[in-house]
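Visitor: Sequence:
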Amino acid sequence: MRVLVIEDDASIATNLYDYLESAGYEVDMATNGPAGLKLAVSQTWDAILLDLSLPGMDGLTLCRKLREENHRDTPVLMLTARDTLDDKLDGFDHGADDYLVKPFSLKEVGARLGALVKRYRGQVAETALCCADIRLDLKTLTVDRAGRPVKMPPKCLHLLRLLMQTPGRVIGHAELETEVWGEALPDSDTLRAHVYTLRRALTAQGERDPIETVHGLGYRFVADEDRAR
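In this note's numbering, each number is its position in the sequence shown, counted from 1, plus 891.
Just so you know, not all the hints are guaranteed correct.
Stated by the list, open to error - With a straight-line cut-off of 30 Å between C-alpha atoms, the simulated BS3-like cross-links for lysine-lysine are:
hint	residue 1	residue 2
1	K998	K1042
2	K1009	K993
3	K1042	K993
4	K979	K1009
5	K956	K1042
6	K956	K1046
7	K1009	K998
8	K993	K1030
9	K998	K979
FYI, nobody ran anything at the bench for these hints, they're computed from the structure.
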């Protein structure tokens, strides 16, 4: 799971980084508001740990701007020394999902983070498919990659949905053709042409191609960690 830590206190940031990494998270960091917002909206995260008092842009403003971005519903755990009820309500009003007062236990951070991610994934599973930095909204039938809108024809969208539903599984040519075209099966070049178009759409900005050809069998959607194995 990928977590972004936005914290300007070097000691706290280092402790969070080391603890989360040892817990199996992939962690990236930012030490000021503008850099944190840029990272938050340009990549896909399972959760964000956000300090309230940041140089350049405070955490409340950052959280509000994050929520104003399309599809920016990533769980945010706000970290702050402010402990009044009004402070907490202000954080929630600006889009925070949870609020933890400093000083805090790293174990509590881990527990709250795990609960946020679990709840978020349960909600997202009903409305979207997410794999690596690609997100397919099942309600609006739109795709974005690392926040970049990706346009593609309806048939390609259908193919992507099939591949993302079971990442890592090889889906045969015949199964894909039947699912997308039904009884009006296309000739052998049609599927290949649509996969080519889908790949071009997903890699238009030089990104890695997430679709792997398994010669003689079909195609599969491959996340970075699967490809590495």
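Visitor: Hint compliance check: list the failing hint numbers for this structure, sorted ascending.
Guide: 1, 3, 6 and 8
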